Structure formats: C-alpha cells, structure tokens
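Number of protein chains: 2
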Amino acid sequence: MDAAEFRKRGKEMVDYVADYLEKIEKRQVFPDVEPGYLRTLIPDCAPQDPESFEDVFKDIEKIIMPGVTHWHSPYFFAYFPSASSFPALLADMLCGGIGCVGFSWAASPACTELETVMLDWLGKMINLPEEFLAGKDGQGGGVIQGSASEATLVALLAARTKTIRRVQSEKPELTEADIMGRLVAYTSDQAHSSVERAALIGGVKIKSVPSDDTFAVCGSALKKVLDEDKASGLIPFFFCATLGTTPCCSFDKLLELGPICIKENIWMHIDAAYAGSAFICPEFRHLLNGVEFADSFNFNPHKWLLVNFDCSAMWVKKRSDLIGAFKLEPLYLQHQHQESGNFIHWQIPLGRRFRSLKLWFVLRMYGVTGLQEHIRKHVRLSHQFEHLVLQDERFEICAEVVLGLVCFRLKGSNELNKALLESINEAKKIHLVPCHLREKFVLRFAICSRTVESTHVKFAWQHISQLATELLKTWEQNHHQQ
Amino acid sequence: MDAAEFRKRGKEMVDYVADYLEKIEKRQVFPDVEPGYLRTLIPDCAPQDPESFEDVFKDIEKIIMPGVTHWHSPYFFAYFPSASSFPALLADMLCGGIGCVGFSWAASPACTELETVMLDWLGKMINLPEEFLAGKDGQGGGVIQGSASEATLVALLAARTKTIRRVQSEKPELTEADIMGRLVAYTSDQAHSSVERAALIGGVKIKSVPSDDTFAVCGSALKKVLDEDKASGLIPFFFCATLGTTPCCSFDKLLELGPICIKENIWMHIDAAYAGSAFICPEFRHLLNGVEFADSFNFNPHKWLLVNFDCSAMWVKKRSDLIGAFKLEPLYLQHQHQESGNFIHWQIPLGRRFRSLKLWFVLRMYGVTGLQEHIRKHVRLSHQFEHLVLQDERFEICAEVVLGLVCFRLKGSNELNKALLESINEAKKIHLVPCHLREKFVLRFAICSRTVESTHVKFAWQHISQLATELLKTWEQNHHQQ
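These protein sequences, in sequence, are chains A and B. Residue 1141 in the working numbering sits at position 176 of the first sequence, and the numbers go up by one each step. Residue 1070 in the working numbering sits at position 105 of the second sequence, and the numbers go up by one each step.
Calculated directly from the structure, the hints in this document are not laboratory data. A quick note: this is a predicted structure, and the numbers were derived from the prediction, not measured. Among these hints, one or two may not hold up.
Taking lysine-lysine and the DSSO-like style, the derived pairs with C-alpha atoms no more than 27 Å apart in a straight line are [to be verified]:
#, chain 1, residue 1, chain 2, residue 2
1, A, LYS1170, B, LYS976
2, B, LYS1101, A, LYS1170
3, B, LYS976, A, LYS973
4, A, LYS1136, B, LYS1170
5, A, LYS1023, B, LYS973
6, A, LYS1172, B, LYS1170
7, A, LYS1089, B, LYS1027
8, A, LYS1027, B, LYS1101
9, A, LYS991, B, LYS973
10, A, LYS976, B, LYS973
From chain A, some residues computed to sit far from chain B (all C-beta separations above 12 Å) [said to hold, decoys possible]:
#, residue
11, MET978
12, GLU987
13, ILE1028
14, LYS1218
15, GLU1221
16, LYS1268
17, VAL1398
Cβ atoms here follow ideal geometry from the backbone N, Cα and C, with glycine treated the same way.
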C-alpha cells in the first residue's frame, strides 16, 4: 500500500470509525459468540500473497464486530470507563504517523519534553503540590505509564531499592536477601489485585489492611498492623493507598495515613486510577487532601479524562528515587543530553509511543471546563441511578455514591443477586459486572460511555427493575416448593 | 468535537500523515533543538476553554516537528528499526475506534481470540515448534507484550516461581527468602540491558556469561559459570539467550546452550527482538535452530515486520507456567468463560489495546512474500554498505554482517572514532549511534526505514567517507603538532 492508497483507505477508515461510534447504541452491547468462535472463521495461517484492503475491511464486520464487547456503548455500565474521544483518536493517528520511540531525549526530544510539560499541566489541573511537578528545575515530575499496575510496580520497586539501601547503611551486617525477606508492603483489603501482583513481582511480602465500615483504610488500622509486624522483626516499607477503590469507589483516609507513613519511613503511593480525573473539579478536590504526604501518585486519564488507552499519569516527588531503582545505561542509549528527561529509568518497558500527544489534543480541545462538564455529567447520572434504586424498596445501596459508581443489590441472598446479574447479562441489553463487599455479592453500575445520557440510565433501571420482578416471582415459587 | 467534525478532521489528519511520510526525506533527520526548547513554546497550564482543532493542528509544525527525530527517514540508521506501514496505521485507527480493553475473554472476545490466532499465524511463519502454538487445545501459545523488556521480565518471573516451588518441594526446610537469595539468572555479556533490569526487578542475582570472539555465548562458557555457581551453593534458574544482540547482531549458540539448560533445570528464554522477523525467510531460519530447547521465545514485529509499535510477540511452551506466576483473580474480573484466553496472567499491565488488529492487517495486506521482500531488501542494503566499507582501507568491519546491521570503524583509536561519530551526528544528514565491542568504540549502521533504498545507503557512505577524510586531515595535523 502506497501513500496514495493510504489517503483513500485512511479516509474510509475515518468514516468507518465515525459511523461505528455514532451508531454504537444500535449494536448489542455484549456479543453472542462462544469461546473459540473466531478460529473457525479465519484461515489457519497467514496468506502467502497480499490480500486487498477491501477483503480485510469487509472482514471487520464479519469476523471482528460479532465478538466485540462495546465499551463505548451508552448501555455499557461494567468495570470502570475506558476513555474515548475524537481529539484523542486524532492525536493517536499523528502518534502512529510520527512513529518515534521516545525512550530518551535524543531518541525524540519532542516526545520526551511534551510528556513532561503535559504532566505538569495535568498536575496543576488537580492542584497537585508543587513538589510533584517538574517545572524548570524541580526534583519531582510526571511520566506516562501504560497502566496503573505499572505505576504501582514502579513505585514499589523504587521504595524497595530505597529501603534496602537505608537499612544496609544502618545495619551493614544484613545482606540484601536478609532485608528482602523482611520487607512488607501494605494495602487495603479493598485494593486492586495489581497491588498484590506488584509485591509478588517484586518478591516482597504484602499484607491487607482491614478497611472500616465505609470500606476505607483509616490510620489506626494501618498503625495496628505496622506495630505487630515491627514487633516480629519485619520491615514495613511501602503503603499503597487507594482513592476510589475498584469494588465500590471508597477513599482511604490519607490525612491519617500520610503522617504515619512519614514517621515510619514508609513510601506512600496513591492509586487513584479511576477517581483521579474527578479532582479537576474543585468540588471533588478535597478527596485528594493528604497527597502532600505521598511519595508518588497515579491516576488514569485513559479511564475518565477522555484520553484513549493507554495513558496512566504518574508523579513522584523525587525523580532520583525512580532513577536510582533502575539505572543501567549501555553506550547505545547514552547521548550528550543525558540528564534531560530520560524516561528509560522511569518505567518497565524501554520503548514508548508518543502518548503525550493525546493529552495535548484532549486538554486543549476540551479545555478544563469541557472536561469538568464530562466528569460532572457522569456524577449526576450516577446519583440519578442511585435515586431510582432508593425509591424501590426491594433494593439497597451498598456503599456511598461519591463519583460515577453505584453499588446496589436486591435485599436478600447472594444467590438471588447472582441470579439477577445473570438475567441482566443474559438479556444483553446492558452490561454490568459484580463485586464482593465483605460477605455480600453486589452489582456495580458504573457510568462509562462518553455519550451516556439520562435516558439510558432510566432505561437501564427500568430493565433491571423488570428483570427483578420476573426473578422474584419465580424465586418465591421455588422457595415455596422447597 | 462531534462525529461530523471528526470525519473532516480525521481526513485532514490522514493527509497530514501521508504528506509527512511521503516527504520525510526532505526533513533533517535529527532535530536542531536544545533541551528545554518545548517548554518555552507553550503555555504553563492547560487552557480553561476549548481551543479549535485548527489552533492545535498548526502547532504540530510549529512546536512538535522541530523536536522530532525522524525514525522513518531513509537517512535514519540508528538503534534498530521501528516498524511502520500504512496497513498498520489503518489497523491502529480501528483499534482506537473500538477502544476496548481486552484483559479477559469477556471484556472483548474478538480482541483475545484474534491475538491467539495471530500469534499462531506468526509462529507458523517462523516455523516455531508446534509446542509453542495454542492451536485448538495446545498447552503453549503466544501473547502480545508491549516490549521485549516485558517479555523477558515475564519469563524471568515465571521461571522464578517455578524454581521456588520445585526447590521448596525438594527441600522443605528452605524458606522462600532463602531460595530467592540463592537464585541466579544468566545472560550474555552482549545482552540488552533490559535483561539485567528484569533480574533487578525480580530481586534475583544475574551474571554475565562471556561471549566468544564472534560475540556469541557458547555452551562451554555457560557450563563453566554454572559449575562454579552450583559449587558455591547458588541455584541457577534462568538463561536469557539472545539472537541478534543489540551491539552487533550476534547469535548465541542455542544448539549448545539448550541441552545444558534442560539438563540443569534452567528456564531458557530467547530474546530475538530485532532478528526474529528475519526468520520468516527460509534462508535465515537456521539461526533459530535450537528454539526447541527453549521455554519461551520473543521477537518484536514492531521492529522489523512493518507492525507499528507496540507489538512484541512472545510464546511459551506451557501457558500454565505464566499463569502460575501471577494468578490472582478478584470477582470483578471473573466470568463464566474463565479458561478461554484470559491474558490477565500473561503480562504486567492489566489493560491492553486491540493490538492484534495491526498484525492481522499487516500479515494479510503484505502477505508472507511481501514481508520476506522487506527483510531481504534490508539485508541486501546492509551488505551493500559492508561492501563499501571493505573497499576503503581506512576502515574495518567489526562483526560479521548477518542481517541489517553493520558494525564498522576507522582503523585507529577510540577517540578518532568518537570524533567521526560526532562529526556525522553534528552534520545531521544521517543519524547513527555507537556501541562498544570489547574495548573498541564502534559505529553501528542499521538499515531502518521501510523506504530506504540503495541510493540512500550510497549517499550515507559517501558522506561518512568525506567526513572521515576531513577528520583524518585535522587529526594528523594535531598529532604532528603534539
């Protein structure tokens, strides 16, 4: 394919994507296919000779679309949102066209520098303490990671290196293996599984801190486990606080936890993957109070800030802590502007796309006010759904609705709620996923799509309510029969 | 921006990208900017109100392009190639439009299934042993990672878990920390720094195995360090072999190394990040002989197979080894088709884009023969450059030219060669990076761009040769003065 054909096909693809997103509402949100469907539809091996674009293009509707879960359908209320917007799509086209690999300043100055400045813009939008910003000669700064999982892992590794060095200087008789064996990381019992995975990868112990009855970790709970562990000779070194937990969007109490971490020489990382985007609204910024105690902070514009995946923003107070954890620099990666924004030591992969273009396009074409509107609409819609649930006595709300997530269930057994979720997801008019809150099986209703409106939320509730009525009828019959 | 404006702007962006790539030759390959250039060109913070697309668009040439290192210029001969092709760009547009997050089968069946099938296609193209393929019910299979660094890390972690379990079952008196402290990974002294980083992240020791005079690791060299380490109580558990090392594209001797790893219960991972793409040509496939002894294998279609970054293909013989290393599954990620292609346990990040679309588009629209032509052209051009160097008695070739990389230098001191590289990169007509081969400072000439032709190679050589003439003149004068 030459540039002339690319011009033609690229424009056809732009129209296809525009059509897809404009009419996504008409597609069934969750596919009908069974596992293994795709292998039966395509050849066993790659063709020897080139096929035409037309042949490939017509297979999109025939082979791909029947197996797509439509994350941007206004009837998609599962997981957390995955951001999508037209400005971000345009920026990604440009990113692909430039096709640079921005691992060092020399490998692409624009890529490295725009990233640093965009993370400063974004940090200012959520009013991050100045220490986290790069500015002209700050010690902190931000970097785009692929996912919150990577940000947590990078923070944990930096904390591990820092702690091992400190303990070795205090007690030179201990080997690195001795220290590693005694390091403990902590996180909420509500935290995302990626925190446990980060510890598993880093080869250190991790313990759950019990959350309180609002599903938040408070200072006394952390202090209790720390005291026990220190008494038994362990070395607490890392605490991952969550703002906006995955199950129910609860918020750990930073203002209590932060001072404890500082006193105990524990690296505090804050994972605000979903909730972080909301902090651009002054009315939600208070949820971030206490960030000043943290060593690192992360949230995902690719979840809720209209920047397509992948764009996970991470800030640290001291860049040198990250660099110290990873620094290895062979000659083919050295260059004369060594200290200027070299992201090699900030992340797990060496290569990286020009992802900051997406942030630049989105922040400029929406403006802060446009993005605030997007967040506020989602929060309004979740409260609308909450209100509908509360009006129905058969249901209960299971956690405070703070942002765009509503946790709810039928009053009754877990089996009953499992059956309700099954009937919802089998009808495939909307799509939800569940969670556990303590012993309870709970349904999560997350406002996800950029184009979701009040009518979709009302439809979803009427649909759920009707399925509940049908379910309760048969459920009671079965119950009477037993 | 609504869909109607996206249609308009998307088409403008397609033309911009087509123009950029069509006329890239006219741009200076390496930028003139100094560190910090970009911050002075843009505001301190994000705009409150939306800006127009036109405003953003015109800043691409004003702010971004002056700081871009043009990786796809036919005058770019640095690092290794970063792949780019029109079919891949089209697929990435579609990927952005669908915007799914394919971490599990349910989250997007098409995304998960196409990936598995595409990795089978690709595996067959390089004639990987059947055990590495997923097929309908194989135990192996492939996954797309973001980079070779991630593939190496995932392999090392899987090996670590497997070894700890085995040793614990043999010697239940050892704690996990005891075993961790005795584990040792190995790789060539020519291996990429990401291997050392993987060990650093995984908290295990790593040792360099000396390469021979062809810069390859042979069996006896590995055996020697293993014997020493076992004698001193260490536990060898992981060997990362390289096919196509970064400095000079040398090849470790798999046929000698593989049987040793099997005998010693060592996980052998093969990193063929750059060279792997060449194995689709029968005449280069012999370089992969011995892969049958490996547990995992990786190469980067995003380097040399015309699939834009990021697409790093990794295969394992036993999927269960990866899954065992990571398995943690909270309720919100569980679904009824649990065992069907769940990539959660195959990688570091949880989320993932629909990257297999790029492979599908490229493999179909080029066909195997089209891709073979691309590889063969690059190899032909590197031999052309090698030939030009060999005709000039002032220069020497420093390592066998097998694929698309030529390592060369002026006969003389390292200082002389540093000065030559400096004069090349300061002239900015072409772009190269250096490496060290033992004590020698060497220039790397890598055939990179999809559109590079014989004329560009000739131009590059004439330019280098002329700069060398000028340099040698002043160098000798300075030498005489001393």
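Right, here's what the structure says about each hint:
{"no.": "1", "hint": "A:LYS1170 with B:LYS976", "result": "52 Å, violated"}
{"no.": "2", "hint": "B:LYS1101 with A:LYS1170", "result": "38 Å, violated"}
{"no.": "3", "hint": "B:LYS976 with A:LYS973", "result": "9 Å, holds"}
{"no.": "4", "hint": "A:LYS1136 with B:LYS1170", "result": "21 Å, holds"}
{"no.": "5", "hint": "A:LYS1023 with B:LYS973", "result": "23 Å, holds"}
{"no.": "6", "hint": "A:LYS1172 with B:LYS1170", "result": "25 Å, holds"}
{"no.": "7", "hint": "A:LYS1089 with B:LYS1027", "result": "24 Å, holds"}
{"no.": "8", "hint": "A:LYS1027 with B:LYS1101", "result": "21 Å, holds"}
{"no.": "9", "hint": "A:LYS991 with B:LYS973", "result": "24 Å, holds"}
{"no.": "10", "hint": "A:LYS976 with B:LYS973", "result": "9 Å, holds"}
{"no.": "11", "hint": "MET978", "result": "5 Å, violated"}
{"no.": "12", "hint": "GLU987", "result": "5 Å, violated"}
{"no.": "13", "hint": "ILE1028", "result": "8 Å, violated"}
{"no.": "14", "hint": "LYS1218", "result": "22 Å, holds"}
{"no.": "15", "hint": "GLU1221", "result": "26 Å, holds"}
{"no.": "16", "hint": "LYS1268", "result": "9 Å, violated"}
{"no.": "17", "hint": "VAL1398", "result": "5 Å, violated"}
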